[in-house]
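Using the sequences and the accompanying hints, generate a full structural model.
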Amino acid sequence: MMAVGGVPESSYGVLWQEASDSVLDTVAEQVRNVGYAVLESGYSAGALVELSGEFDRTRAHYIDVYGESRLKELDEFHTIRSPLVHGGDEFLKLALNENLLSTLRRLILGKYILNQQNGVINPSQEAFNQGKWHRDLPYQHFVSTRPLAINALFCVDDFTAENGATFVLPASHKSEAFPSAGYVKSNAIQVEARAGSFILLDCMLFHAGGYNGTKSARRAVNHVYTIPYLKQQINLPKNLRSAELSAEAREVLGFNYQEPASIMDYFSKRLGKEY
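Position in the sequence shown (first residue = 1) + 987 = the numbering used here.
Among the hints, a few may not be true.
Calculated cross-link-like contacts (lysine-lysine; reagent style DSS-like; alpha-carbon spacing at most 30 Å) [stated by the list, open to error]:
(1) 1161 to 1225
(2) 1098 to 1218
(3) 1256 to 1098
(4) 1080 to 1218
(5) 1172 to 1161
Computed Cβ-Cβ distance ranges for the label pairs, DEER-style [said to hold, decoys possible]:
(6) 1218 to 1171: 26 to 34 Å
(7) 1034 to 1089: 14 to 22 Å
(8) 1167 to 1054: 36 to 44 Å
(9) 1089 to 1039: 22 to 30 Å
(10) 1228 to 1052: 25 to 33 Å
(11) 1000 to 1093: 24 to 32 Å
(12) 1129 to 1220: 19 to 27 Å
Simulated from the structure, these hints should not be mistaken for lab results. For glycine and all other residues, C-beta sits at the position ideal for the given N, C-alpha and C.
Written out as C-alpha cells, the structure is:
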C-alpha cells in the first residue's frame, strides 16, 4: 500500500522488524542506524528563557574567573568547561533531563555517566574551533556494535544553516576510517533543530560545526555520556556537593565510579557497591 504523496506504509518479504512503541524508541533507533537524531527536551518557552539567561551569566562569570586573555591564548574563549559547576541548578537539571536519560537507557547497555558538559559558542562570522571534522572520542578508529558514548548537544538557540548548524556524515560511526574528501562533500548534511532540542550523536559519528554567517552568536550546551570505564574530562564528583544530589544524580555524575585510591579503598567500595 502506498500512502498518497508519502512514504510507503506496507512491506513484503520482511521477516523481522524493529519494535518502536514511543518517540524515544524511534529516536534511539535512528541514532543506532544513522548516528544522529533530534530529541525534544520538553522545555517550556519560559524555562528556555531562564536557561538562556543563566548561560550568559555563567559565561561572564567564567571569563571573569579565568581571564579573557588566558582563554583566548588557549583557544578556549568560546567554551565554558563544566557549567554545572560554575552556574546555577539549570545546568544540572539539563544534564539530568528525563527525556534525554530515558533515551540514553535505550542506547547504552548497562550503566553510563556524564563524562563532560561544556557550553559552546559558535561566534558570529569568525573561525570556530569546533568547525573541523572530528569524533567526540577523538583519535579513535574502531567501531562497536552498540554505542559506548553519546553526545547530547542542547540547542540554546535555533540551529540553522545560516548560523552554523552541525554538519554530520550519516552512518560514519560504522566505519573505522574518515571518508575521502569526495565522499565528505557528497554526503555531509546539516542538522537543523529548534532551540530547546537535543541533537544526539553516536560519539563515533564524524561531525563538525558550521560557519555562523549571522550577526549573532549561536549557543549550545554539549554533553557526552559514556560507559563508566571512560574517565571524565573533569572530575565532577570532586567539584560538586554530593549531599544535595539524588541517588540517580550521583550515579549519572560519576560518584559511584571514582577510581579507588588504594587497594583497601577498592575493597571498601566492593563491600558497599556492585561494580
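Status of each hint after checking the structure:
no.: 1; hint: 1161 to 1225; result: 35 Å, violated
no.: 2; hint: 1098 to 1218; result: 14 Å, holds
no.: 3; hint: 1256 to 1098; result: 17 Å, holds
no.: 4; hint: 1080 to 1218; result: 22 Å, holds
no.: 5; hint: 1172 to 1161; result: 18 Å, holds
no.: 6; hint: 1218 to 1171: 26 to 34 Å; result: 31 Å, holds
no.: 7; hint: 1034 to 1089: 14 to 22 Å; result: 18 Å, holds
no.: 8; hint: 1167 to 1054: 36 to 44 Å; result: 42 Å, holds
no.: 9; hint: 1089 to 1039: 22 to 30 Å; result: 24 Å, holds
no.: 10; hint: 1228 to 1052: 25 to 33 Å; result: 18 Å, violated
no.: 11; hint: 1000 to 1093: 24 to 32 Å; result: 28 Å, holds
no.: 12; hint: 1129 to 1220: 19 to 27 Å; result: 20 Å, holds
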